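Q: Each chain, written out:
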Amino acid sequence: MTETKSITQELMEGERICPVTGLKVQRDAENLIKINAVMAVVSLLIGGIAALLLALTRWEAVHILPADLYYRFLTIHGMNMLVFWIVFFECAGLIFASTIVLNARQVSPKSGYLAFLLMLLGWLTVNYIIFTGNVGEVAVMFTAYVPLKAHPLFYLGYILFAVGALIFCILFFLNVYNAKREGSHSGPVPLFTYGIAAAAVIAVFTLIHGALAFVPVFLWSLGMIENIDASVYRLIFWGFGHPAQQINLTAMVSIWYLLSYLTVGGITPSEKVSRTAFLLYVLFINAGSAHHLLVDPAFGTPWKIFNTSYVIYLAVLASLIHCFAIPASIEIGQRNKGYNKGLFTWLIKAPWGNPAFAAFFISLAIFGFIGGASGVIMGIEQINMRLHNTLAVPGHFHGTVAAGTSLAFMGLTYYVVPLIFRREWLSKFFAVIQPYLFGIGLTIMAISMNTLGRLGVPRRTWETGFLNVPNKEILEMFVGIGGIIAFTGLIIFVLHTVLTLIFGKKLQGSDKPTFPQVAEPSTSKAPISGTLVLALTFFVYLVVMVSINWYWLSRVWEVR
Amino acid sequence: MALQKPQENYWEEKVETSEKLAVTIAVFICAFMFSVMVIWAIVGKQNPPQEAYKIRPSTFLERAIAFIEKYKVGEENGIPIVEAPPNVDQYIVGRMFQWFPILVLKKDQTYRIRISSIDVNHGFSIQPVNMNFQAVPGYEYVLTIKPTERGEFTIVCNEFCGIGHHLMRGKIIVK
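The listed protein sequences derive, respectively, from chains A and E. Reading the first sequence from the start, the letters are residues -13 to 546 in this note's numbering. Reading the second sequence from the start, the letters are residues 2 to 176 in this note's numbering.
No wet-lab data here; the hints were simulated from the structure. Quick caveat: nothing in here was measured; it's all calculated off a predicted structure. The C-beta atom is built at its ideal place from N, Cα and C for all residues, glycine as well. Take these hints with a grain of salt, some might be off.
27 Å max Cα-Cα, derived BS3-like pairs, lysine-lysine [to be verified]:
id, chain 1, residue 1, chain 2, residue 2
1, A, K511, E, K21
2, E, K21, A, K166
3, A, K511, E, K6
4, E, K55, A, K323
5, E, K6, A, K327
6, E, K172, A, K458
7, A, K20, E, K21
8, E, K15, A, K135
9, E, K6, A, K498
10, E, K172, A, K323
11, E, K172, A, K258
12, A, K327, E, K15
13, A, K10, E, K6
14, E, K172, A, K511
What follows is a set of in silico ranges between Cβ atoms, one per label pair, in the way DEER data are often shown [claimed, not checked]:
id, chain 1, residue 1, chain 2, residue 2, range
15, A, W538, E, N10, 30 to 38 Å
16, A, K166, E, E13, 53 to 61 Å
17, E, Q110, A, P456, 27 to 35 Å
18, E, G79, A, I419, 52 to 60 Å
Footprint (simulated), chain A over chain E, 3 or more residues, beta carbon under 8 Å [what the hints assert, rightly or not]:
id, segment
19, 22 to 36
20, 41 to 47
21, 58 to 68
22, 72 to 82
23, 86 to 94
24, 98 to 106
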């Protein structure tokens, strides 16, 4: 029916029909997705090169960068990875979830382009000043703790970027509202859009905290405000800094659901439970910001415990629910395809040669076993004394944001390029090996960093040779080697994507891409016994790891 | 179903037994972790201190210097070594890029150590026991701490504080 539309007709209407999913793709939405995705990949490249240099510096036998460049590149890495790569990609996701998925149009495309321009300007300003500024003025890290003072342009760029992102969030809500009003979508939104909506709600209060933190600091850096309280800044900054990672988390979980649907036709066992879990994120996950302040002087024990145990565990509960529901949706998809034997045939016979599936599953596993578990442990008020500001902190978030979120985003990109950019991937081989390289590299690196941190090695420190830590050299070597392997995966991803966008075979009209495959959606539920075993295994692992860390805590000096 | 809208009655759909079981266990795990944290806060021996005061950095420095002058017993590379009785509040000052003075403590004695920074944020990290606290300018953090082993302990700064951050160190000697 709709597939027979000619290209001219499509162009006239400013939209086309996706030959694979049957969804309506409107031009402005498509263009906004494209430019955001391109900037995301460019940021990933800059952040990735910095990452390699940092890993080879923390491997102190190699120690490739001098101290000043190390701190400069640490700031470059943090900003480009944690802020630019992720947020650009998420803005693309916001547009996709609120237009194409709902068969709807982009509201006020001009505001969209304006938002993108602001973000681009912020990106240029921040990168320009960190690369060219005086190192004492620009190496302040992603956190930029007051009273460490950065160049005013650093804060200005941060603010411009955040405002642009905030406009995209507002446009997201307007798009959804408009889709309902114009009748292009009725009834409850799909789960993916629901999850992205949760991410967008979190994004709004995150970005407001960003403005509250950075606008006064910007004025302070210009000399217009005399004094900013260091602790108040830490509190408000983390109202931005940590929830910003919860946006990633929520977007990533949404993408996991989407990828289980696209790769194996998976469906969540219960829409009700999965949606409730997203709601728990919205309500409680902002308390994650308290995790950075657990050994701060300015906050009392009741405040710390209320936020980190009572409130955050309602968000942890949400993650534990997804940790069941997502593998379960793979299992349902696979069992519907006939892989019904035993407990794990569905997993063994999964499409491991589909890079989107491999990226998705590796991201899920690393996020749970390394990122999530270490985060829960680190967030325990007392145990935090053993981990605060050690290398275990980046060890934790390279399991969440790098291996989890980034790899999930990479997985989705394997569909975005053929379906949105309409290009055939150049090389199946490089696409297939990429998620494995990236995942294995980060696993080695994150485990080594978590171990080094538990032995007391500090984060963000150029040289730690004075510390007498058992097996330090070997663990540092693994940080370096893991970094090299992960970087190889990253650079393959970036080059392969960029080259495909330029040289890949163009898909015309109703051409269907041949790779990666999109699975037939499942229509019926299936037993989820294998997943139950996997989930229980993970629960046992979590409890054991938490207990071990309590034991280690009990061995240190008494303090109160 | 991630891309399609759910059935209108999705809220009434029954949840499968296996998922119910997984969620129930997850609730118990969360309740368990919550309880341990609260119980440890009451009976545990290692809890983040909660005694803290707002203080002007200059005032903190003055008090620390008075403390150092009164109880100084020596010097190491220009940094004073101080040995004071356990009933006296001890001071450790963080500044770019040094922790001072060097404290001499006795094993199994409880001390009150007041830490703060007089410039930017610093990380107060006692190694190799690996205990970490944040030193924030404008706030004085009182650690009520009992060293349970003898030896020389390095205080590392583990909060980035400037280009010389990796050079910032201090020392505690436990006799």
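Q: Indicate, hint by hint, whether the structure satisfies it.
A: Verification of the hints:
1. A:K511 with E:K21: Holds, at about 15 Å.
2. E:K21 with A:K166: Since the Cα atoms of K21 (chain E) and K166 (chain A) sit roughly 33 Å apart, the hinted pair is violated (cutoff 27 Å).
3. A:K511 with E:K6: Satisfied, since the Cα-Cα distance of roughly 16 Å is no more than 27 Å.
4. E:K55 with A:K323: The hint is violated at about 64 Å.
5. E:K6 with A:K327: Between K6 (chain E) and K327 (chain A) the Cα gap is close to 30 Å, so the pair fails against 27 Å, i.e. violated.
6. E:K172 with A:K458: 21 Å, holds
7. A:K20 with E:K21: 41 Å, violated
8. E:K15 with A:K135: 56 Å, violated
9. E:K6 with A:K498: 24 Å, holds
10. E:K172 with A:K323: Violated, because 64 Å separates the two Cα atoms, which is more than 27 Å.
11. E:K172 with A:K258: Distance of about 56 Å is beyond 27 Å: violated.
12. A:K327 with E:K15: 25 Å, holds
13. A:K10 with E:K6: 15 Å, holds
14. E:K172 with A:K511: 63 Å, violated
15. A:W538 with E:N10: 30 to 38 Å: Roughly 50 Å apart at Cβ, these two residues miss the hinted range, so it is violated.
16. A:K166 with E:E13: 53 to 61 Å: Given a distance of about 22 Å, which is not inside 53 to 61 Å, the answer is violated.
17. E:Q110 with A:P456: 27 to 35 Å: Distance hint for Q110 (chain E), P456 (chain A) holds at roughly 29 Å.
18. E:G79 with A:I419: 52 to 60 Å: Roughly 56 Å apart at Cβ, these two residues keep to the hinted range, so it holds.
19. 22 to 36: holds (count 12)
20. 41 to 47: With 5 residues closer than 8 Å to chain A, the segment 41 to 47 of chain E meets the three-residue bar; holds.
21. 58 to 68: violated (count 0)
22. 72 to 82: With 0 residues closer than 8 Å to chain A, the segment 72 to 82 of chain E misses the three-residue bar; violated.
23. 86 to 94: violated (count 0)
24. 98 to 106: With 0 residues closer than 8 Å to chain A, the segment 98 to 106 of chain E misses the three-residue bar; violated.
Hint violations for this structure: numbers 2, 4, 5, 7, 8, 10, 11, 14, 15, 16, 21, 22, 23, 24, all remaining hints satisfied.
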